Amino acid sequence: MQSPLRLERRLTQPKWLNWGVPLLSLLGALILGGIVLLATGKNPFSVYARIIERGFASTDAFSRTLISATPFAFTGLAASVAFRMGLINIGGEGQLYLGAIGAAFAGIAFQDQPTAVIIATMIIFGMLFGGAWAAIVGILKAKFSTNEIITSLMLNYVAAIFLDYLIFNSNSYWRDPKSYGFPTGKRLVENAYWYDISIGPIAIPFGFVVAVFVAVIVWFLYSRTRFGYEVGVIASSPSAARYAGIRARWKIITVMALSGALAGLGGASDVGDFRHVLDAKGVQISGYGYTGIVVAALARLNPLSAIFVAVFIGGLSNAGYALQGPDFPSGLVGTLQGLILFTAVAGEILTRYRIKRQNTIADGAIV
Amino acid sequence: MISDISEAELTVTMKGIVKRFPGVVANDGVNFEARAGEVHALLGENGAGKSTLSNVLTGLYRPDEGTVSLNDEVVHFDSPRVALERGIGMVHQHFRLVNSFTVAENIILGEQSSSLFMDTSAAIERISALATKYRIAVDPSARIWQLSVGEQQRVEILKALYHGAKVLILDEPTAVLTPQEADALFMVLRSMVSEGRTVIFISHKLDEVMAVADRITVLRAGKTVSTIECATTSTRELARLMVGRDVVFNRVIRANQAEPHKIVLRVSDVDATDDRGRQAVKSISLTVGKSEIVAIAGVAGNGQRELAEVVGGMRPATRGTITVNNEVVPNGRVRKAMRAGVSHVPEDRLHTGLVADHSVENNLILKSYRNAPISKMSVLRRRIIRAQAKETVEKYDVKTPDTITPIRLLSGGNVQKVLLAREFDSLPSVMVVSSPTRGLDVGAIENVRKRLVDAADSGVGVLLISEDLEEIFALADRILVMYEGSIIGNIPAAEASRESIGLLMGGGSLSAENN
Numbered sequence: 001m002q003s004p005l006r007l008e009r010r011l012t013q014p015k016w017l018n019w020g021v022p023l024l025s026l027l028g029a030l031i032l033g034g035i036v037l038l039a040t041g042k043n044p045f046s047v048y049a050r051i052i053e054r055g056f057a058s059t060d061a062f063s064r065t066l067i068s069a070t071p072f073a074f075t076g077l078a079a080s081v082a083f084r085m086g087l088i089n090i091g092g093e094g095q096l097y098l099g100a101i102g103a104a105f106a107g108i109a110f111q112d113q114p115t116a117v118i119i120a121t122m123i124i125f126g127m128l129f130g131g132a133w134a135a136i137v138g139i140l141k142a143k144f145s146t147n148e149i150i151t152s153l154m155l156n157y158v159a160a161i162f163l164d165y166l167i168f169n170s171n172s173y174w175r176d177p178k179s180y181g182f183p184t185g186k187r188l189v190e191n192a193y194w195y196d197i198s199i200g201p202i203a204i205p206f207g208f209v210v211a212v213f214v215a216v217i218v219w220f221l222y223s224r225t226r227f228g229y230e231v232g233v234i235a236s237s238p239s240a241a242r243y244a245g246i247r248a249r250w251k252i253i254t255v256m257a258l259s260g261a262l263a264g265l266g267g268a269s270d271v272g273d274f275r276h277v278l279d280a281k282g283v284q285i286s287g288y289g290y291t292g293i294v295v296a297a298l299a300r301l302n303p304l305s306a307i308f309v310a311v312f313i314g315g316l317s318n319a320g321y322a323l324q325g326p327d328f329p330s331g332l333v334g335t336l337q338g339l340i341l342f343t344a345v346a347g348e349i350l351t352r353y354r355i356k357r358q359n360t361i362a363d364g365a366i367v
Numbered sequence: 001m002i003s004d005i006s007e008a009e010l011t012v013t014m015k016g017i018v019k020r021f022p023g024v025v026a027n028d029g030v031n032f033e034a035r036a037g038e039v040h041a042l043l044g045e046n047g048a049g050k051s052t053l054s055n056v057l058t059g060l061y062r063p064d065e066g067t068v069s070l071n072d073e074v075v076h077f078d079s080p081r082v083a084l085e086r087g088i089g090m091v092h093q094h095f096r097l098v099n100s101f102t103v104a105e106n107i108i109l110g111e112q113s114s115s116l117f118m119d120t121s122a123a124i125e126r127i128s129a130l131a132t133k134y135r136i137a138v139d140p141s142a143r144i145w146q147l148s149v150g151e152q153q154r155v156e157i158l159k160a161l162y163h164g165a166k167v168l169i170l171d172e173p174t175a176v177l178t179p180q181e182a183d184a185l186f187m188v189l190r191s192m193v194s195e196g197r198t199v200i201f202i203s204h205k206l207d208e209v210m211a212v213a214d215r216i217t218v219l220r221a222g223k224t225v226s227t228i229e230c231a232t233t234s235t236r237e238l239a240r241l242m243v244g245r246d247v248v249f250n251r252v253i254r255a256n257q258a259e260p261h262k263i264v265l266r267v268s269d270v271d272a273t274d275d276r277g278r279q280a281v282k283s284i285s286l287t288v289g290k291s292e293i294v295a296i297a298g299v300a301g302n303g304q305r306e307l308a309e310v311v312g313g314m315r316p317a318t319r320g321t322i323t324v325n326n327e328v329v330p331n332g333r334v335r336k337a338m339r340a341g342v343s344h345v346p347e348d349r350l351h352t353g354l355v356a357d358h359s360v361e362n363n364l365i366l367k368s369y370r371n372a373p374i375s376k377m378s379v380l381r382r383r384i385i386r387a388q389a390k391e392t393v394e395k396y397d398v399k400t401p402d403t404i405t406p407i408r409l410l411s412g413g414n415v416q417k418v419l420l421a422r423e424f425d426s427l428p429s430v431m432v433v434s435s436p437t438r439g440l441d442v443g444a445i446e447n448v449r450k451r452l453v454d455a456a457d458s459g460v461g462v463l464l465i466s467e468d469l470e471e472i473f474a475l476a477d478r479i480l481v482m483y484e485g486s487i488i489g490n491i492p493a494a495e496a497s498r499e500s501i502g503l504l505m506g507g508g509s510l511s512a513e514n515n
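Protein chains in written order, with the numbering used here: chain A, 1 to 367; chain B, 1 to 515.
Take these hints with a grain of salt, some might be off.
Stated by the list, open to error - Derived pair list, reagent style DMTMM-like, types lysine to aspartate or glutamate, alpha-carbon separation capped at 25 Å:
#1 A:K141 - B:E327
#2 A:K143 - B:D139
#3 A:K143 - B:D274
#4 B:K290 - B:D269
#5 A:K15 - B:D402
#6 B:K15 - B:D269
#7 B:K450 - B:E495
#8 A:K15 - A:D327
#9 B:K290 - B:E327
#10 B:K290 - B:E470
#11 B:K223 - B:D72
#12 A:K15 - B:D357
#13 A:K281 - A:E348
#14 B:K336 - B:D425
#15 A:K141 - B:D275
#16 B:K290 - B:D357
#17 B:K15 - B:E85
#18 B:K133 - B:D72
To be verified - Coverage of chain A stretches by chain B, computed from C-beta distances (three or more under 8 Å per stretch; other residues unrestricted):
#19 127-139
#20 299-307
These are calculated hints, taken from the structure and not from any lab test.
Here the structure is a predicted model, which is why all the values come from computation and not from measurement.
Ideal Cβ positions, reconstructed from N, Cα and C, are used throughout, including at glycine.
Chain A on its own, in the form it takes in the complex (with noise of 0.2 Å):
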């Protein structure tokens, strides 16, 4: 019954291990997905050089990884915010639903606006909308002890279905009232475009910008202020934070509140940046707040390194964009980005423990 190895937890995090890891994370995806290409009788190498070309290699298709990747920043960056406090707050995904929508009701409304007015309004109703809804999982946690993960998750469902309400099954103030076969939402006044932001031959989305400004912030926030030593000390050890008198409950609806407004901004990012219409199914269909988990966990909750996280993950979803066709299925794809959250948990668990030979039971003092 009792394995040679075990698992034995590390006393002190060597440095490297930050880097070292995750590195070692996305080549053990690498190989793991070559197998499953070399299986499917693809060669891994021009797919990955394909992957490359695609995603990153030229400023084309910079520009566009750019655009993927920033949801993908938001999302990450608000999957950060909450697990460093121990909330595991899963409605990434609702979370920038609700985000969308307040944000095409900002464009839409404020269509005549300057296009400055308009992108802040959008940025603002964005946050206020995912923030608003993810309070709604903090407050009843704080107050009723409900678990976050099944609360979060659930109002995901209710998130997607409302979006669908909203173009496809009603009449509301988002559906294009001229659109007749298949419904849509209306589309934004090019006024209300996100600006690009030209830096030499890449073109890089104002959203994508937003993300950074906002990850330094949030580093920020969590290292520097008295927010952030408060939402450490009830992360680490909430009976502490009871003798510090720290309140925890505060914490907890603020806290969400900020992680769904940073989901919220990812949605209204979409909006401006990418689709400029509040488009019910193609939001739902990238997945970005489940993605945002997969930027956190990669990332090691650090803001700073989920923006370079969601950049690589967005260049490895533009490039799938490119790659599927007849020869290539869109769920090899999903394949490699399954493997690489899967190598990232394993590798994170070996930045806390080190692998050990089992002597013998005696040795494991239970005290």
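With the hints as your guide, set chain B onto chain A.
Relative to the frame of chain A, chain B by itself:
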């Protein structure tokens, strides 16, 4: 595996048991023998090694040295399951029951069965038969969550009997019971031994040991002190054996005398409940004067932790008030208590007093991070934090590679130094200190005690909560004894003896023993 009691009776013999844990020798050559047909009490203070010994007997721990034998046959148990197959069952302090299962399902859980479905009807019959035989009133079809703690304990006993336990170990079984439930339990135990089973009864309460046991083995600091017949001893002798008299303690010399009439802390008529909502503190009133060290002696679990938390503001009192420097402190408000001048050193240093995973410098600001100059406009000022941490580490001689090392990597003594440093530097009027030297080595103990005396000399009133009589006698000006939530003694240290305090800690009364 279901054996009948008419089979051979069991005598348990444990010889020279040594069990070491990192930094502690929990059992240091313990000899113990329990015969069939007796209730054998294992008596000792917390940390005396009682639980370790029973864990060795049930196969949870493997002894480093020594042997366990059943009827003169040396046995090695790899797990509690193997021990149970040989007839040794244990009822733990914390029950191991599945809340959503019925009594019967819990009892037959773990039984080797060949079929996929459990045959509960036959089991229920056997359980009912056992229950009737020992007059254990439990409904086999009730679900565990519907039962009181006392009833759950009966389920644990039935479970052990059902699986054929001939030797039943009970770890502090009365800790969770009302006096009436405890009496009922004693009846059950007597009827079990009357038909040849063995009961090993672990306790630190003198009265109940005298009430239920045939023989008593006293453990102290991991060693067997003595095994005596209950009929030939007294609670007073047991108290002396349990706490020991051979240790010579040096009373610390104080620079400033206590001023008990300049009251800094007044606890008036305070009631409080524990985490499960039971009353843990019962109308306690006490005062601590300037420069005075008042000790609360008592066995852990008699409401000391709850009392300390009430004074520290972590736990609201259900009745009564806390007054510091003649001002009433708002009930259950940590920050208000801190501002009023209360400092609290909890017994759980690593996870309550400190955040184990956080750095030394982050832990040093746990109570001051809201104030200037540590933070300004909600932003922490890292440079100042680090500079102050370096100063503190030096001043209190904390051995740490740097101030960003996580607390959990420090030794126990250094952990306590960090905690005390933070609390002393908050310049309190009152310090509530719980078991400040538990688990520390001799050098660290000396350091901590000196710091406490320094604090008292500088005018701080210290409320010292401890189970360690040596510590209490070394430091205290006045000794209160806490038992089952009440204070049952208030004795100036100069007039107290170890026996009298030990007796009170076990729930005895001084006057009854005086005749």
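- For the pair we were handed, B:K290 and B:D357, check the Cα-Cα distance against 25 Å. The given pair, whose Cα atoms are some 36 Å apart, is violated under the 25 Å limit.
- Query: Taking 25 Å as the top limit, are the C-alpha atoms of B:K290 and B:E470 close enough?
  - Reply: Roughly 23 Å between the alpha carbons, so the hint for B:K290 and B:E470 holds.
- Under the criterion that the straight-line Cα-Cα distance not exceed 25 Å, is the pair B:K450, B:E495 satisfied? holds (23 Å)
- Message: Tell me if the straight-line CA distance from A:K143 to B:D139 falls inside 25 Å.
- Response: Distance of about 35 Å is beyond 25 Å: violated.
- Message: For a C-alpha distance cap of 25 Å, please report whether B:K15 and B:E85 respect it.
- Response: Distance of about 22 Å is within 25 Å: holds.
- Take a quick look at whether A:K15 and A:D327 sit within 25 Å of each other, Cα to Cα. At roughly 43 Å apart (the allowed maximum being 25 Å), A:D327 and A:K15 break the hint.
- Message: Three residues or more, CB to CB closer than 8 Å: is that satisfied between the stretch 299-307 of chain A and chain B?
- Response: With 0 residues close enough to chain B, the hint is violated.
- Restraint check for B:K223 with B:D72, where alpha carbons must lie at most 25 Å apart: holds (22 Å)
- Query: Does B:K290 pair with B:E327 here, judged by a C-alpha cut-off of 25 Å?
  - Reply: Measuring from Cα to Cα gives roughly 15 Å; hence the hint holds.
- Query: Between A:K15 and B:D402, is the straight-line Cα distance small enough, at 25 Å or below?
  - Reply: holds (16 Å)
- Keeping to a limit of 25 Å between CA atoms, is the pair of B:K15 and B:D269 held or broken? The hint is violated at about 49 Å.
- Item | Coverage criterion applied to the stretch 127-139 of chain A (partner chain B; beta-carbon cut 8 Å; 3 residues) | violated (count 0)
Checked against the numbered hints given earlier, this structure breaks hints 1, 2, 6, 8, 13, 16, 18, 19 and 20; the rest are met.
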